[in-house]
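For chain D, the structure is supplied; the task is to place chain X on it using the hints.
Spelled out from the first residue to the last, the chains are:
There are 2 protein chains.
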Amino acid sequence: MEQHVQDEWEKFSELLAKISGYSEAIGLLHWDLRTGAPRKGAEIRSETIGMLSGEMFRLETSPLMGKFTEFFSRPEVMKQLTAVQNTIVADCRKEYDRSKSIPSKRYEEYSVLAAHSQTMWEEAKENNDFASFEPYLSKIVAFKQEFIDYWGVKGTRYDTLLDMYEPDLTVEKVDDLFNRLRSRLVPLVEAISASPHKPDTKFLHAIFEKEQQQKFGLFVLEQMGYDFAAGRLDESVHPFATGLNPGDVRITTNYLLDNVTSAVFSSLHEGGHALYEQNINKELVGTPLAQGASMGIHESQSRLWENMIGRSRTFWHRYYGDLQQHFPQQLAGVEVEDFYQAINSVANSFIRIEADELTYNLHIIVRYEIEKLIFNEGLAVKDLPQVWNAKYQEYLGITPPTDELGVLQDVHWSGGDFGYFASYSLGNMYAAQILNTLRKELPEFDELIAAGNLLPIKEWLTAKIYVYGKSLTPAQIIEQVTGEPLNPDYLADYLEVKYTELYKL
Amino acid sequence: MEQHVQDEWEKFSELLAKISGYSEAIGLLHWDLRTGAPRKGAEIRSETIGMLSGEMFRLETSPLMGKFTEFFSRPEVMKQLTAVQNTIVADCRKEYDRSKSIPSKRYEEYSVLAAHSQTMWEEAKENNDFASFEPYLSKIVAFKQEFIDYWGVKGTRYDTLLDMYEPDLTVEKVDDLFNRLRSRLVPLVEAISASPHKPDTKFLHAIFEKEQQQKFGLFVLEQMGYDFAAGRLDESVHPFATGLNPGDVRITTNYLLDNVTSAVFSSLHEGGHALYEQNINKELVGTPLAQGASMGIHESQSRLWENMIGRSRTFWHRYYGDLQQHFPQQLAGVEVEDFYQAINSVANSFIRIEADELTYNLHIIVRYEIEKLIFNEGLAVKDLPQVWNAKYQEYLGITPPTDELGVLQDVHWSGGDFGYFASYSLGNMYAAQILNTLRKELPEFDELIAAGNLLPIKEWLTAKIYVYGKSLTPAQIIEQVTGEPLNPDYLADYLEVKYTELYKL
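Residue numbers (our numbering), protein chains in the order written: chain D, 371 to 875; chain X, 371 to 875.
It should be emphasised that the hints constitute simulated quantities derived from the structure, not laboratory data. Just to be clear, a hint being listed does not mean it is correct.
Each pair may be met inside one copy or between any two copies, as identical chains are not told apart.
[To be verified] Straight-line C-alpha distance at most 16 Å; calculated EDC-like pairs for lysine to aspartate or glutamate: (1) 874 with 707; (2) 585 with 372; (3) 470 with 519; (4) 834 with 811; (5) 388 with 479; (6) 652 with 413; (7) 543 with 739; (8) 410 with 597; (9) 475 with 384; (10) 874 with 814; (11) 464 with 493.
In this text the structure is predicted, and so the values were computed from the model without any measurement.
Bound conformation, chain D alone (with noise of 0.2 Å):
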């Protein structure tokens, strides 16, 4: 590299650094927020989020970034680039491009509604009163018909926000590969409620004591090889996890005092986001690349984890006994095949989180048919509560009593993430694919887990995926993990194959 293009990569590292800790300092704002920050101190909290990400902002859309982006982006410069350092400045170039001419005031104005509107939607959600969240949710689609002007719109406007969580995803994709999961999920979901066999759930709804649904969640989470030198669990009202930097990467999770497997579900779907951030190489430290692929990727790792490995037999065949020894009293008489059958008892249900493996798809399809129609056909939000209801009658036949249960279930619109869904799907999909995989690079996949060795399969994990971080595109990944492109027929068939034994279809 000649001395002047390593001088200029020097001055651009500090600047990504500097982006990188003010990232770092929004996350914990956030985090704090959600976590126990005091009721009172939230507005001016909110506003100070505004302020450092419209500061961030500032520093990603600056003209001293579109000098570097420009700069090396040039012929004779890129080919004294390695393939990391290119891919960094494309993926900075791609920001800048996009967003240089939004307004950062503008910016900032959302981000301070974004933050606040999080509490406000947490307060509606434990009063269930839709109304009272409106006007924030509602100025939240406004901004963000805003910002896709100023983003651009290749097709539709819809996919504006798709591509914002996987890169160069569109409504013209996400429809085909939903259409097809869909054509293969309808006549499962079909066979399995004409099935006589209905397996018994009630006794996951028991009292069972938070100390020990914690315990018990970290007890799996350590299992996991998740890394709590790096890391913490909290509570939150919505469990996520967030990475602030590499070496403190937390998690959250949510007790329900009548629902054992809720908090256990959640900490095995978070803790594998933390998997993942937790062991991107460190040499990606301080850049934007010190982050997952995408978050179909991302989830893709949250859903292998809860649900793959979580729902599976053999792994309540290894750690039923502990989970029993935890409630001893709630779980008497419970066999682990009765828990395993009733885990992934496939029901119509209300709640996204709690889903069965085959429902949760169902729940998706609604959130990205609605957010369509916010944002292609213009749907008002007061109107959200009625649709979404109508929705969920024609995709799983029931209608949610409350708001609660209904539309204000998820944080995610609150927060400004609309084209954020799609990418638990994809997720599901990305996951069924490495993890047919897995099973022919890792043959004794079964025998680790039967064994309560999980460490080899978080070590695959890492090899395959976690460590490129962002370096690698969603569709490089699943092509180099699995030698073809994404295809949800992986995950179809997976679903066939377990629940076509489990009801005995």
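The following block gives chain X in isolation, referenced to the frame of chain D:
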């Protein structure tokens, strides 16, 4: 106010709000690092704190700040501002003039170091290993010496540091105050040593479960009027209070299993700081006046609650029954008067924060003398343990057996807080003088405490002190509240009366 002055004021207010935002973020990053951030994230975290501190420093010393403070200091503009506005300008101008020539890069490096070295101090203290901490402390001292040159020296070099925490405080003034105080304390301590009365303190050191200590601490904070909707209580190695914003003023404590009073008194102490910050006039929010008048005044409030209220006989006549209920076995058969005598037992001991009210001031004088030696006489950091031990022998007649019980006990130096310690004894002096007025203006003072009705006391302090924040100087506050300047005789009188009775002298 002329329109253009008003326009400028609005822009100035935006700058101030931005500085407050940085301060909140930095405060939270620090709080989190001390209360449970994962170890492996601490190093990058320190850099993030440093980066943001550098940004904040850049704003405080920016040409824009120079321009505003110059403009608002013009006589024709000053006339148009309120008294509070003029104080804001003066405060910003003082900081700007003092620090503008420090290169912001240097300040940022210092901030990274200070954050990191607090973590190193925690480890060094845990391992009783001064040598591992010495290089960090040496660098901090070197930075302070460098900054003193930038800040400017009027009297002695150490005066410059004293002035940071207490405006216009000098070695000359502190020497005088401390000499006057010591001349009255030494005979009192001697008389106590000679007294045959030796209160039994053994029962304070049974095993006291943490959960119960925590419950009692929360109860006491509630009694004081600490607003939990605008704060929270956590644990840290060294207790502290931090005002992130006026609706978010947090305190920490440290539970010692074999010491029932340590956490109680630290909660009262930090609670006193927090009451101050929670009750500052909301109109000062977003300005540099939304903090305590000085660290001396701040400590007067923590020490007043901790000692003058919290170690009073009346307080325990009301609350001892509650404490006993939390520890029925450990305190069985211990009468309230025994307890009162025990918590006020005077003994030369190693740990400042666990010292009695009387010898506490000697602990401060030791630190003050050592800081003077470092900054005015060039005492080397490597010699600190030896000098520390010698001073303890000289002032308290005991030599710490380990550095953990000696020079490593306090967090302050690790974070660069040289010049702070004097504030504690100043605080004791201010507190005794304020208490004297408080008793006159609220003659039912003892009855209120006896009835467990502490809120009128909080309200009196709010109206007289808290509400003003930093809009009055310490000199103005003490004059306005008590009608005279700071006078150490009030503290000496208070201690003489209390201990003459206690020790039947």
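Next on the checklist: Check the structure against each numbered hint from earlier and tell me which ones fail, lowest number first.
Outcome noted: 2, 10, 11
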